[in-house]
Each structure stands twice: as C-alpha cells, then as structure tokens.
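Asks: Residue numbers (this note's numbering): 1 to 357.
In short, the hints are calculated from the structure, not lab data. Quick reminder that beta carbons are idealized off the backbone N, C-alpha and C, glycines included. Any given hint could be a false lead.
[Said to hold, decoys possible] BS3-like cross-link-like pairs, simulated, lysine-lysine; straight-line CA separation at most 25 Å:
#1 K121 / K260
#2 K121 / K168
#3 K260 / K289
#4 K8 / K22
#5 K103 / K163
[Stated by the list, open to error] Using C-beta positions, here's what the derived DEER-type ranges look like:
#6 S324 / G58: 40 to 46 Å
#7 S230 / S112: 51 to 57 Å
#8 L4 / C206: 20 to 26 Å
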Amino acid sequence: MKDLPPQKRKALVQCLLVWYDKSRRRLPWRPLPGQSVDPYRVWLSEIMLQQTTVAAVGPYFQSFVKRWPTMNALAAAPVDEIMSAWSGLGYYSRARNLHACAKRVAAEYGGSLPNDEAELKSLPGIGSYTAAAIAAIAFGKQAAPVDGNIERVLARLFAVREKLPAAKPLLKNLAEALAPQARSGDFAQAMMDLGATICTPKSPTCESCPWIRSCAARKSGLERALPARSTKKKRPLRRGTAFVVISGGSEILLRRRPPKGLLGGMHETPMSAWEANFPSDPLCLAPTKSKYRMIEGLVHHTFTHFDLELQVFVSNVNSRQRGSIEGEWAPINDLAHFALPSVMRKIIEHALNPAKA
DNA sequence: GAGTCGTGGCC
DNA sequence: TGGCCAAGACT
C-alpha cells in the first residue's frame, strides 16, 4: 500500500463519517450534542482507557470528574488520594503519571493542556497514541492515533498480512495517509467505534460495516485471520504466602509497596516473595510472632505475564502486641479508601470470608 | 525489539 | 476451563 489515491481516501473518510454520525455511541467522556469538548476529560478518559475496557472505565471516569473537575483540582490533590481512587483499575503507574502530568500542566501551562502533538507526547503517561488522540479529539488537529482497534480495522481494510507488532509502522503510515484535516477526531473515534462494535477480533459483522465494499481482507476471506500476531509465551506460575493480621477484630495490617515496579506505591498485606514454590517455612516470614491459622483454599490471580497462587494465614492480635508492629492499620470498614490492588482485596476477602472463596 | 505492567469479561 | 483481548507507556 504505497499510495492512497486522493479520490479513494476521500471516499473512505466520507463513508465512515456518515456511519459515525448515524451510529455514534454515547460514552461518559463524549460531550452531549451542543456541548463543547473539554480537553481535560479527553485526556483523563484516554489515560484510563489505555489497555482497559470501556465498561471498566465508566464508573472510574465519573467518580474522577466529579471529585476533580479540572486539571488544577487534580494537580492539587494528594497523590495517595488519586492512587486509592484508581484502586482496582490496574496499571497503577498510570495513576502516578496522571498526577505528575496534571502538576506539570498546572505549573507550565496554567492548567490547560497544550494542543501540540509533540508537546503532549513529552508529558508523563502520554505516548504516541494518546498524544495523537488528544490532538485530534480535543483540539481538532490532523493527527492519526493508532490503537488496537484501529490496527485491526486498517489491517483488514488494506489486507496487511505482516504480523503484529512488526506491522505497527506500516499501519501507522496507513492511518496517517487516511487521516483527514477536517473532523480528524471524529474520524479516529469512528475507526475505534467500528473496531469495537463491528470489526471485532473474533467474529466481525461485516454485513453491517460501512467499509464492506472497500475491505481487502473481506474480498480475500481473510477478515477473521487478520491481523496476524506473533505467538505469545504462556504465563509461568508463581506462589507465595500472604499474612492477614487483624487487630481487635476491626483493623488489618497493611504495608506500602515500593514506589516502582509491580503494583508500585500501592498498599499490600504482608507477604512472602512470589516464586516457583510456596515458601518452605512460611511462618518464619510472618510480620508478627503471634499464632496463625491457615485458611483453606488458595487465592488465584492473573497478572499480564504470570499467574499467582497464594496461601493465606490469619492472625488476631491484641492492642498490647500491636504497638511494636511495623505498618499501617486499616479499618476493615474503611478499606475502600485505601490504595489496594484487586489481588490484595481478594486476599482480605478470602481471610475474612473463606466460605465464598 | 522484547519485557514489564492489572484486571475482568468473553467464548 | 484457559487463552485472548481491551482507546499503550515506558525501559
């Protein structure tokens, strides 16, 4: 696909925009008809949507914009509050970068995001996709964001047989060749909507697709086979032991994880390292010398690149023992206000209510 | 380029 | 059940 004839390009763009105007989805971060675009909301939604489904983001987006309606409000918030509000959404470095970005925009741009793609890309948490998406959607600039949806749509439209991720540069070129000057934000969102609703990974519903007559993959019967991907390695299994220490029946001992790396900066229950096997003598790793009982069953969790199995030990301590223990005591009734990753909530739930696990 | 970095839903 | 996938960024 060396060149795209201007005539053909124009026809493809118009065809997709007509479809978009007719079938546009109502999403929490999209302005209602008559409302103007708020770059802050565009940015916030794009960060949250990185590798995360629309359904998962919805409630988090609503709660963030209600609590922090502007970039300056977010910049002024304590990072811990942002981390706990992000709890459960995953990829926690996004939350830290979100705050770092807000502070820079507040300090360097008076709270208003820059409208230049290169400047956007220099901000924390904004990569090539997000910079292009904000430039196009929030500021109407001609830009070509390429996410997983758009990769799939373009790989099919032009029957790109090269495998991902090797095909990424080619797909980016195709997106740039197609991106219109006018309504480039709508065009990008139209391709994403198309990928999310019609040009889906497994079973695309080509009969409903506005591009059915132009689609090269469809002509060759390759629509389900493209885009091709290089094979992935299977996840290894790691195991560990977690300790749930309860004080006075009402508070749980938490610690803070190191700021970087997996679940960086989030709270955790004390626990062993995660290795190929369970620790041979787990109780010598416990945070207290109190008496522990092992909870029947295991907590299972899946991360991107490994599976995790945890055995859980529980101990009840009294106020006298508690003084010398290093960590933070979290009221069980107030755990929602702590920056706990989902796996930690699973551990606590398993300890407090083993019947359900 | 290849690893790291979460979580939940779907088939 | 288990593999796949989602509006990627960063190293």
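Asks: Run the distance test for K121 versus K260: straight-line Cα separation, threshold 25 Å.
Replies: holds, 21 Å
Asks: Evaluate the given range 51 to 57 Å for the C-beta pair formed by S230 and S112.
Replies: violated, 41 Å
Asks: Take the C-beta atom of S324 and the C-beta atom of G58, compute their distance, and say whether it sits inside 40 to 46 Å.
Replies: Holds, since S324 and G58 (Cβ atoms, about 44 Å apart) stay within the stated range.
Asks: If you draw a straight line from the CA of K260 to the CA of K289, is it 25 Å or shorter?
Replies: violated, 29 Å
Asks: Next pair to validate is K103 with K163; report whether the Cα-Cα distance is within 25 Å.
Replies: violated, 39 Å
Asks: Are K8 and K22 close enough, with their CA atoms no more than 25 Å apart?
Replies: Satisfied, since the Cα-Cα distance of roughly 22 Å is no more than 25 Å.
Asks: CB of L4 to CB of C206, is that within 20 to 26 Å?
Replies: Check passed, 21 Å falls within 20 to 26 Å.
Asks: Verify the proposed pairing of K121 with K168, using a straight-line Cα cut of 25 Å.
Replies: At roughly 18 Å apart (the allowed maximum being 25 Å), K168 and K121 satisfy the hint.
Hints 3, 5 and 7 from the list above are not met by this structure, while the remaining hints are.
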